[in-house]
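One line per chain: the protein sequences are A and B, in this order. The first sequence begins at 46 in our numbering and counts up one residue at a time. The second sequence begins at 46 in our numbering and counts up one residue at a time.
Rather than coming from a laboratory, the hints here were simulated on the basis of the structure. The model shown is predicted, which means the values in this text are computed figures rather than measured ones. Take these hints with a grain of salt, some might be off.
Because identical chains share one entry, a pair is satisfied inside a single copy or across any pair of copies.
[As the list claims (entries may be wrong)] Calculated cross-link-like contacts (lysine-lysine; reagent style DSS-like; alpha-carbon spacing at most 25 angstroms):
no.	residue 1	residue 2
1	Lys-225	Lys-77
2	Lys-478	Lys-513
3	Lys-86	Lys-439
4	Lys-439	Lys-239
5	Lys-324	Lys-464
6	Lys-464	Lys-343
7	Lys-361	Lys-229
8	Lys-216	Lys-423
9	Lys-392	Lys-166
10	Lys-439	Lys-276
11	Lys-515	Lys-364
12	Lys-343	Lys-324
13	Lys-478	Lys-515
14	Lys-86	Lys-208
15	Lys-513	Lys-324
16	Lys-361	Lys-221
17	Lys-515	Lys-343
18	Lys-343	Lys-315
19	Lys-225	Lys-361
2 protein chains.
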Amino acid sequence: MTLFEKHQATLESALQALTVRTYYSPYPENPKAYDSEADGKAKNWISATMNSNYTGLDQTDATGWIGEEVSPFLQVGIGVNYPELNPETLLKHAISAQTIWAKTSVTERTGILIEALDRIKERFFDIAYATMHTTGQAYMMSFQASGPHANDRALEAVVMGYKELTSVPEKAEWVKNLGKFDLKMNKTWTPIPKGISLVIGCSTFPVWNTVPGLFAALITGNVSIVKPHPKAILAIAIVVEELQKVFAENGLPKQIVQLGVDTLNNPITKLLAEHPAVKMVDFTGGSEFGSYIESLPKTTFTEKAGVNSIILDSVKDLKSVLGNIAFSASLYSGQMCTAPQNIFVSKHGVQTDEGLVSYQDVVNGIAAAVTGLVDNPKAGPGTLGAIQAEATYKRVLDAKNLGGNLVLDTKSIVNEEFKDARIATPVVIEVDKTQGGVYNRECFGPILFVIKTDGVEDSLALTEALVKEKGALTCGAYTTNELTQSLIAHTMNNAFVPVSFNFTGAGFINSHAAFSDFHLTGGNPAGNASFANSEFVSKRFVWVGNRMM
Amino acid sequence: MTLFEKHQATLESALQALTVRTYYSPYPENPKAYDSEADGKAKNWISATMNSNYTGLDQTDATGWIGEEVSPFLQVGIGVNYPELNPETLLKHAISAQTIWAKTSVTERTGILIEALDRIKERFFDIAYATMHTTGQAYMMSFQASGPHANDRALEAVVMGYKELTSVPEKAEWVKNLGKFDLKMNKTWTPIPKGISLVIGCSTFPVWNTVPGLFAALITGNVSIVKPHPKAILAIAIVVEELQKVFAENGLPKQIVQLGVDTLNNPITKLLAEHPAVKMVDFTGGSEFGSYIESLPKTTFTEKAGVNSIILDSVKDLKSVLGNIAFSASLYSGQMCTAPQNIFVSKHGVQTDEGLVSYQDVVNGIAAAVTGLVDNPKAGPGTLGAIQAEATYKRVLDAKNLGGNLVLDTKSIVNEEFKDARIATPVVIEVDKTQGGVYNRECFGPILFVIKTDGVEDSLALTEALVKEKGALTCGAYTTNELTQSLIAHTMNNAFVPVSFNFTGAGFINSHAAFSDFHLTGGNPAGNASFANSEFVSKRFVWVGNRMM
Numbered sequence: 046m047t048l049f050e051k052h053q054a055t056l057e058s059a060l061q062a063l064t065v066r067t068y069y070s071p072y073p074e075n076p077k078a079y080d081s082e083a084d085g086k087a088k089n090w091i092s093a094t095m096n097s098n099y100t101g102l103d104q105t106d107a108t109g110w111i112g113e114e115v116s117p118f119l120q121v122g123i124g125v126n127y128p129e130l131n132p133e134t135l136l137k138h139a140i141s142a143q144t145i146w147a148k149t150s151v152t153e154r155t156g157i158l159i160e161a162l163d164r165i166k167e168r169f170f171d172i173a174y175a176t177m178h179t180t181g182q183a184y185m186m187s188f189q190a191s192g193p194h195a196n197d198r199a200l201e202a203v204v205m206g207y208k209e210l211t212s213v214p215e216k217a218e219w220v221k222n223l224g225k226f227d228l229k230m231n232k233t234w235t236p237i238p239k240g241i242s243l244v245i246g247c248s249t250f251p252v253w254n255t256v257p258g259l260f261a262a263l264i265t266g267n268v269s270i271v272k273p274h275p276k277a278i279l280a281i282a283i284v285v286e287e288l289q290k291v292f293a294e295n296g297l298p299k300q301i302v303q304l305g306v307d308t309l310n311n312p313i314t315k316l317l318a319e320h321p322a323v324k325m326v327d328f329t330g331g332s333e334f335g336s337y338i339e340s341l342p343k344t345t346f347t348e349k350a351g352v353n354s355i356i357l358d359s360v361k362d363l364k365s366v367l368g369n370i371a372f373s374a375s376l377y378s379g380q381m382c383t384a385p386q387n388i389f390v391s392k393h394g395v396q397t398d399e400g401l402v403s404y405q406d407v408v409n410g411i412a413a414a415v416t417g418l419v420d421n422p423k424a425g426p427g428t429l430g431a432i433q434a435e436a437t438y439k440r441v442l443d444a445k446n447l448g449g450n451l452v453l454d455t456k457s458i459v460n461e462e463f464k465d466a467r468i469a470t471p472v473v474i475e476v477d478k479t480q481g482g483v484y485n486r487e488c489f490g491p492i493l494f495v496i497k498t499d500g501v502e503d504s505l506a507l508t509e510a511l512v513k514e515k516g517a518l519t520c521g522a523y524t525t526n527e528l529t530q531s532l533i534a535h536t537m538n539n540a541f542v543p544v545s546f547n548f549t550g551a552g553f554i555n556s557h558a559a560f561s562d563f564h565l566t567g568g569n570p571a572g573n574a575s576f577a578n579s580e581f582v583s584k585r586f587v588w589v590g591n592r593m594m
Numbered sequence: 046m047t048l049f050e051k052h053q054a055t056l057e058s059a060l061q062a063l064t065v066r067t068y069y070s071p072y073p074e075n076p077k078a079y080d081s082e083a084d085g086k087a088k089n090w091i092s093a094t095m096n097s098n099y100t101g102l103d104q105t106d107a108t109g110w111i112g113e114e115v116s117p118f119l120q121v122g123i124g125v126n127y128p129e130l131n132p133e134t135l136l137k138h139a140i141s142a143q144t145i146w147a148k149t150s151v152t153e154r155t156g157i158l159i160e161a162l163d164r165i166k167e168r169f170f171d172i173a174y175a176t177m178h179t180t181g182q183a184y185m186m187s188f189q190a191s192g193p194h195a196n197d198r199a200l201e202a203v204v205m206g207y208k209e210l211t212s213v214p215e216k217a218e219w220v221k222n223l224g225k226f227d228l229k230m231n232k233t234w235t236p237i238p239k240g241i242s243l244v245i246g247c248s249t250f251p252v253w254n255t256v257p258g259l260f261a262a263l264i265t266g267n268v269s270i271v272k273p274h275p276k277a278i279l280a281i282a283i284v285v286e287e288l289q290k291v292f293a294e295n296g297l298p299k300q301i302v303q304l305g306v307d308t309l310n311n312p313i314t315k316l317l318a319e320h321p322a323v324k325m326v327d328f329t330g331g332s333e334f335g336s337y338i339e340s341l342p343k344t345t346f347t348e349k350a351g352v353n354s355i356i357l358d359s360v361k362d363l364k365s366v367l368g369n370i371a372f373s374a375s376l377y378s379g380q381m382c383t384a385p386q387n388i389f390v391s392k393h394g395v396q397t398d399e400g401l402v403s404y405q406d407v408v409n410g411i412a413a414a415v416t417g418l419v420d421n422p423k424a425g426p427g428t429l430g431a432i433q434a435e436a437t438y439k440r441v442l443d444a445k446n447l448g449g450n451l452v453l454d455t456k457s458i459v460n461e462e463f464k465d466a467r468i469a470t471p472v473v474i475e476v477d478k479t480q481g482g483v484y485n486r487e488c489f490g491p492i493l494f495v496i497k498t499d500g501v502e503d504s505l506a507l508t509e510a511l512v513k514e515k516g517a518l519t520c521g522a523y524t525t526n527e528l529t530q531s532l533i534a535h536t537m538n539n540a541f542v543p544v545s546f547n548f549t550g551a552g553f554i555n556s557h558a559a560f561s562d563f564h565l566t567g568g569n570p571a572g573n574a575s576f577a578n579s580e581f582v583s584k585r586f587v588w589v590g591n592r593m594m
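Model the full structure from these sequences, guided by the hints.
This is the structure:
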């Protein structure tokens with residue numbers, strides 16, 4: 046049985062899910078669905094891995110060992126070192142592997158890549174601890190976002206690639222009747238990979254944001270160099286290791302995917318990105334560097350910064366709404382690209398099933414909901430996780446000086462398991478709509494602005510102007526008025542921003558489900574990519590046809 | 046019956062053709078398939094149209110009448126004037142029409158656009174004469190290329206658009222089981238058009254090269270401004286007129302598509318292309334301006350210049366091969382973007398079924414085949430047509446000074462119908478492989494270089510280097526050796542160039558059939574577009590999804 050045959054059922058279920066866009070995931074998100082010993086083994090693994098050389102990766106031509114990751118939970122270096130390869134070596138390996146990988150068939154690639162996802166699944170718990178101790182994500186998010194949810198997105202890219210790569214037949218006999226005779230040609234079509242892919246990772250979601258571009262590049266026949274953020278390597282190193290193993294088992298060069306590790310002081314990203322052999326770049330990170338990537342004369346897929354807003358107009362039950370918003374803003378301390386930052390509220394207050402709640406009571410309610418969550422000793426630490434970067438931590442501490450009226454300052458709470466964790470609870474600042482200088486920019490981290498507007502139309506107009514200038518990954522809206530809902534949908538959608546309406550309970554605007562929700566639209570300033578529309582794969586190869594008479 | 050229902054059978058046949066890529070065309074290419082009086086009526090139409098104002102187009106806010114087209118067959122101005130609208134007016138109209146067109150459904154747009162193609166079909170003979178007297182194409186090519194073949198490509202774009210626009214459902218109920226309860230969301234997805242399209246036409250194929258981008262923009266919900274070449278307006282004006290009529294009949298603004306006419310001395314192309322409201326640009330023309338278009342921070346689709354080569358290795362019957370090549374090079378006097386320019390021949394000659402033919406005999410045979418075709422009073426004028434531009438004519442007359450060994454100079458032949466036609470037969474120049482400065486660039490017009498190489502591997506290496514630097518739309522190769530064929534296919538395909546092997550008889554490398562052959566690959570320097578891969582439509586809109594709880 047070939048790997049393609051082994052995974053054909055998964056492929057077909059996933060293809061079907063992409064077509065109907067209902068719920069689908071072959072990788073359970075509940076840790077309890079896995080081997081009960083897996084977590085314990087992973088704990089041992091992370092202990093053994095810290096303060097050692099990571100030897101699971103291909104090390105050919107490595108010049109040394111480097112690593113400078115710091116655990117946001119321990120606030121000490123984790124001491125893992127990775128093989129260092131200079132950019133020219135990485136490219137030499139990639140060029141050599143490209144000729145071989147390009148020759149594999151679409152079905153071979155599909156089988157191999159889904160097999161690799163199965164192997165990565167076996168490492169979900171290792172990946173979870175690696176994610177925790179580099180990003181500061183709490184255990185559950187580390188497990189889900191870097192494990193099953195990332196695998197879902199990787200599989201989505203593989204399946205979208207398979208769909209596009211098989212959308213044109215391999216061959217056809219073309220016959221045109223010209224009256225007295227037929228003109229006949231035998232035709233063939235081949236999807237030719239563009240070449241070497243570079244995937245630039247970010248510090249907060251080192252797996253989730255890397256694997257869509259990586260697997261999209263691989264399924265379309267391109268080899269890839271993964272360049273992780275110097276502070277978040279370990280989790281994606283496991284993914285690369287598992288891919289390399291599967292390539293080797295199938296008689297292919299490990300160097301179809303390579304990990305290009307660097308340090309903050311000696312970065313290699315631009316050297317790789319600007320090299321003419323690199324034909325496509327996937328990037329997640331800040332807007333300035335993202336715009337530089339987009340300006341390169343090559344195929345680029347970017348996820349940059351945006352400012353996500355919530356328009357709070359009218360609700361059934363205010364308490365459940367504010368609880369939902371507080372959770373969205375507190376989850377991983379607002380370090381998700383989909384976390385809300387700006388909450389637009391009318392000065393006239395919010396209509397609820399129990400009557401009008403005044404603007405001031407809404408503001409106080411938001412602060413109370415945040416406090417209730419973070420002060421809950423069971424839920425607080427597990428929701429907040431830790432702050433990934435020192436710079437983010439400082440920004441939160443200084444947030445009271447940003448302007449506006451400080452409603453709730455940040456504070457530290459105790460994480461019983463990690464006493465030294467870098468923790469900062471969300472800040473809530475109330476600003477007037479005229480204070481655009483304060484709220485019309487991304488303040489990465491747990492910082493929430495409540496903006497006092499003249500009404501829902503005003504809230505919408507302010508949000509629209511903001512997303513057109515700065516972009517957004519998501520937008521939340523709460524309204525019980527159908528007309529208002531359709532106005533918000535129309536306005537935001539035409540600014541290429543998706544809207545989540547009336548989310549309460551277990552639905553959070555932060556979450557985008559693979560096989561159903563597009564992550565990013567690609568149409569607003571927050572990025573030019575969309576996980577995973579057809580372009581996300583079709584831009585990575587070129588159809589070339591031959592004709593024979 | 047809606048227009049969608051009226052044209053659903055055509056849509057489905059075309060969708061099926063795109064899937065299997067066998068022969069398909071709903072618009073017969075033989076003029077005899079149409080009303081026997083149509084040609085006579087069109088002759089009257091062109092007579093009445095010359096030296097008058099073209100009143101069929103929307104003229105709202107026009108500031109005057111302009112036109113400076115010259116018939117290459119008559120070598121006098123045709124005296125047709127078009128409404129002049131300044132760029133700001135065109136954009137104002139477009140912005141206004143955009144809001145309405147964006148609201149039409151995919152099925153409405155599909156029905157309206159296929160209906161418009163039916164109306165354009167009724168004008169095929171008018172379009173043929175309009176094309177003749179602006180481009181210099183002979184009657185048959187004018188009819189076929191601007192009529193049925195252009196309509197095929199337009200329909201292909203509509204159908205590819207329909208396919209992409211319906212690849213995501215309009216809505217879904219998404220249910221995720223969370224153990225004790227289900228998380229439910231209602232989801233919707235909408236393809237949001239990017240905005241205003243600009244389609245920049247060329248002087249030689251004013252309809253064929255314009256309608257793919259135009260119909261791709263329209264089906265995806267974007268309004269369009271067509272900016273024709275100042276010397277080739279009349280044929281595409283008819284297309285715009287018919288579109289405007291169908292829009293108006295369906296209660297839509299005519300200005301969903303506008304014709305933006307300018308003059309060589311007062312061009313408006315850059316003003317339109319650089320305007321922030323213009324979101325996508327389709328361009329056909331020279332490489333320098335094409336690269337400028339590609340550098341704009343918007344979605345671009347370009348067809349630029351390339352150098353098309355033929356690799357002549359071994360053949361069954363040399364005479365039929367040389368006849369085929371002579372026809373390909375002479376058709377419309379080499380003014381097709383797919384015309385061959387460089388013929389690479391080994392110094393050791395060409396193996397045939399009747400033995401080895403020496404290099405010198407092959408060179409002489411090419412010249413003889415060209416002479417035989419152009420001197421044939423029946424075939425010659427109808428194949429050559431006339432030279433569109435004075436600059437091209439001068440280039441051909443001066444070609445003997447380009448370098449190399451002049452094997453066959455250009456000459457004038459008589460076109461009995463148009464005694465004043467600007468005619469120049471193909472020049473054949475023999476060069477050594479070392480004379481890259483002579484042949485490694487596009488010499489637009491009927492100029493053929495025969496390049497003496499060290500053998501077929503050398504021919505291939507020279508062709509590969511050329512297409513990597515300058516790009517190509519097509520490549521012909523003649524070889525009876527399977528290994529050589531697969532080496533050529535592999536090498537050229539990896540440079541993103543399609544190959545046509547062993548074309549003789551009625552098969553010409555110049556012709557790309559809609560629904561089967563991609564025109565351009567988009568992967569080499571000859572252009573970044575491909576008619577019509579999925580990207581050709583998917584890059585023109587953005588998927589945006591909403592979620593409701």
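Under a CA distance limit of 25 angstroms, which applies to Lys-86 and Lys-208: within one copy, between copies, both, or neither? Neither, since 38 angstroms and 49 angstroms both go past 25 angstroms.
How would you classify Lys-225 and Lys-361 at a CA-CA limit of 25 angstroms: within, between, both, or neither? between (75 angstroms within a copy, 23 angstroms between copies)
Since the copies are identical, ignore which copy is meant and state whether Lys-361 and Lys-229 lie within 25 angstroms (CA to CA) inside a copy, between copies, both or neither. between (68 angstroms within a copy, 17 angstroms between copies)
Measure nothing new, just compare the shortest in-copy and cross-copy C-alpha distances for Lys-225 and Lys-77 to 25 angstroms and report within, between, both or neither. between (71 angstroms within a copy, 15 angstroms between copies)
Intra- versus inter-copy proximity for Lys-315 and Lys-343 (alpha-carbon distance at most 25 angstroms): both (13 angstroms within a copy, 24 angstroms between copies)
Could you place Lys-361 and Lys-221 in one of the four classes (within, between, both, neither) given a Cα distance threshold of 25 angstroms? between (65 angstroms within a copy, 23 angstroms between copies)
Within, between, both or neither: how does the pair Lys-86, Lys-439 come out at a Cα-Cα threshold of 25 angstroms? neither (36 angstroms within a copy, 80 angstroms between copies)
Between copies, within a copy, both or neither: which fits Lys-439 and Lys-239 at Cα up to 25 angstroms? neither (42 angstroms within a copy, 39 angstroms between copies)
Using 25 angstroms as the alpha-carbon threshold, which applies to Lys-439 and Lys-276: within, between, both, or neither? Cα proximity of Lys-439 and Lys-276: one copy only (17 angstroms, versus 64 angstroms across).
How do Lys-392 and Lys-166 come out at 25 angstroms by Cα distance, when the copy is not named: within, between, both, or neither? Neither way: Lys-392 and Lys-166 sit 50 angstroms apart in one copy and 60 angstroms across, limit 25 angstroms.
Quick one: Lys-478 to Lys-513, C-alpha cut-off 25 angstroms, is that within a copy, between copies, both, or neither? Classified as within: same-chain Cα gap 17 angstroms, cross-chain 55 angstroms, threshold 25 angstroms.
How would you label the pair Lys-464, Lys-343 (within, between, both, or neither) given a Cα cut-off of 25 angstroms? neither (46 angstroms within a copy, 50 angstroms between copies)
Checked against the numbered hints given earlier, the structure breaks hints 3, 4, 5, 6, 8, 9, 11 and 14 and satisfies all the rest.
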